[in-house]
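Peer 1: Read off the chains here:
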Amino acid sequence: GQQVMQIPQYQHVQEGEDFTTYCNSSTTLSNIQWYKQRPGGHPVFLIQLVKSGEVKKQKRLTFQFGEAKKNSSLHITATQTTDVGTYFCAVPQGGSEKLVFGKGTKLTVNP
Amino acid sequence: NAGVTQTPKFRVLKTGQSMTLLCAQDMNHEYMYWYRQDPGMGLRLIHYSVGEGTTAKGEVPDGYNVSRLKKQNFLLGLESAAPSQTSVYFCASGAAVSYNEQFFGPGTRLTVL
Numbered sequence: 035g036q037q038v039m040q041i042p043q044y045q046h047v048q049e050g051e052d053f054t055t056y057c058n059s060s061t062t063l064s065n066i067q068w069y070k071q072r073p074g075g076h077p078v079f080l081i082q083l084v085k086s087g088e089v090k091k092q093k094r095l096t097f098q099f100g101e102a103k104k105n106s107s108l109h110i111t112a113t114q115t116t117d118v119g120t121y122f123c124a125v126p127q128g129g130s131e132k133l134v135f136g137k138g139t140k141l142t143v144n145p
Numbered sequence: 003n004a005g006v007t008q009t010p011k012f013r014v015l016k017t018g019q020s021m022t023l024l025c026a027q028d029m030n031h032e033y034m035y036w037y038r039q040d041p042g043m044g045l046r047l048i049h050y051s052v053g054e055g056t057t058a059k060g061e062v063p064d065g066y067n068v069s070r071l072k073k074q075n076f077l078l079g080l081e082s083a084a085p086s087q088t089s090v091y092f093c094a095s096g097a098a099v100s101y102n103e104q105f106f107g108p109g110t111r112l113t114v115l
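For the record, the sequence lines run as chains A and B. Note that the first sequence covers residues 35 to 145 in the numbering used here. Note that the second sequence covers residues 3 to 115 in the numbering used here.
Please keep in mind that the hints were generated in silico from the structure rather than gathered at the bench. C-beta atoms are modelled at their ideal positions from N, C-alpha and C, and glycine is treated no differently. Be aware that a few hints might be false.
[Claimed, not checked] Pairs of lysine to aspartate or glutamate, EDC-like flavour, derived with a Cα cap of 20 Å: (1) A:Lys-85 <-> B:Glu-61; (2) B:Lys-16 <-> B:Glu-61; (3) A:Lys-137 <-> B:Glu-61; (4) A:Lys-137 <-> B:Glu-103; (5) A:Lys-103 <-> B:Glu-81; (6) B:Lys-59 <-> A:Glu-131; (7) A:Lys-93 <-> A:Glu-51.
[What the hints assert, rightly or not] Covered stretches of chain B (in silico footprint by chain A; criterion: 3 or more residues with CB under 8 Å from a CB of chain A, positions within the stretch not fixed): (8) 64 to 76; (9) 104 to 115.
Let's have the full structure, built from the sequences with the hints guiding it.
Peer 2: Laid out in structure tokens, this is it:
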């Protein structure tokens with residue numbers, strides 16, 4: 035079945051530093067979603083990318099979808115302590131009713 | 003709107019005991035899912051449903067059963083709990099549209115001794 039590799043598994047930064055997590059697939063994706071899970075919380079949808087080369091921004095977060103639609107990245111500029119959590123990418127498996135989640139990147143921010 | 007709710011929030015079982023986790027959503031979503039989350043393993047799909055009265059297996063279905071008798075509810079059953087089923091269980095729901103986002107419940111933390 036569809037698999038997606040997410041790296042790094044962990045990232046520790048100083049507050050104010052930038053952060054990037056990557057998702058890679060061996061097959062072309064129809065779309066990719068990103069979720070954030072705060073410590074002790076549940077995953078919350080952030081965004082969906084559909085078009086080749088798409089770039090979307092949400093304040094300090096920048097999401098990119100590769101030209102070949104096989105990879106994606108989430109970049110956070112000038113991290114804050116509120117950014118702490120685990121970021122997951124998710125891609126469709128089979129039809130649109132199922133998602134496969136990456137293993138996530140756990141971000142910790144040192145104030 | 004409560005969104006997706008799960009009961010109970012915490013549970014401790016002994017090996018061999020049974021229990022049912024209840025998920026309810028008030029968004030009229032067609033799709034519902036049960037995931038388990040273990041350290042370093044991400045979210046793994048146990049079972050899912052694409053509509054009332056339907057269920058299907060996900061990535062890790064063994065040891066679990068599900069039922070979707072009503073559109074708004076999705077039940078996850080453990081007939082004979084094992085320590086390997088110690089995990090955090092999340093329910094999610096989604097609309098039957100292309101590229102649907104999933105809405106997650108707060109989770110149930112289950113420990114099997």
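Peer 1: Run through the hints listed earlier and report the numbers of any the structure violates, in increasing order.
Peer 2: 1, 2, 5 and 8
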